[in-house]
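*Asks:* Chains as they are written, first to last, in my numbering: chain H, 968 to 1080; chain S, -10 to 128.
Since the hints were made in silico from the structure, they are not lab data. Hints may be right or wrong, so weigh each one.
Going by beta-carbon spacing under 7 Å, a handful of chain S positions derived as facing chain H [stated by the list, open to error]: (1) L20; (2) A38; (3) S46; (4) Q59; (5) A72.
The structure displayed is predicted, hence computed values, not measured ones. Backbone N, C-alpha and C define an ideal beta-carbon position, used for all residues, glycine too.
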Amino acid sequence: MTDLLLRFLFGGIIISAFAALGDIFRPKSFAGLFGAAPSLALATLGLTIAHSGRTYAAIEARSMILGAIAFFVYASAASFVLMRYKPPAVAVTFALLPVWLGTAVALWAILLK
Amino acid sequence: MKIEADLSALKTVKPHEYAVRFFFGGLVTVLAGLIAKHYGPVVGGLFLAFPAIFPASATLIEKHEKQKKQRAGLDGTRRGREAASVDAAGASLGAIGLIAFAVILWRYLPSPPAWLVLVIGAIAWLALSILLWVLRKLF
């Protein structure tokens, strides 16, 4: 329970901090870089290393490469759809989350399973 | 194009918007931990690159850009969505930096000290992301 609470606090603080960095920078294309900051990994890997060791964390990092490729596909698709069809950002960014999941799972099934 | 930092932009974000970011950030981190615990590090690691805050950030950018145009007497809907698209394009470059971050952690994390590997990985993410952004602006 303490571990989950710590994860919640670290995750909330670090992810909010990177989001705030995205708020202060201009132009927006530069600020967008912070939308793909390694905030979740930084929030969680310290605890993972402490509890499960470096080798376990390195295995997670290897899978993270595939998750990051999926993020690239997802963000590129979101940018294209928003610019081409101009629907509300909330609809696009949530509706396309299965693209991230599908790409990540497909890469995992092909390369790591 | 010149990069600028405007701290006053932090005041345009409302307290409840900060609270939503904190809550979702914490929630996604907990869920990523639970997935890793249940399915192991190979599956759990995928979720370290989950777009945790991107949907909320893009939505907020659209909203703020729209409000800015509306204060100038314009509709702003179209401009807001274009701004969200530009933000997403930036995130796609940041995601390439995220791949570099993960590769560095995968290759070097087993060797101590771990904190140094995390710092070098974060610097590599930032440096590569900025380099790609500059190259995109130039070409």
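*Asks:* Tell me, which hint numbers fail for this structure?
*Replies:* 1, 4
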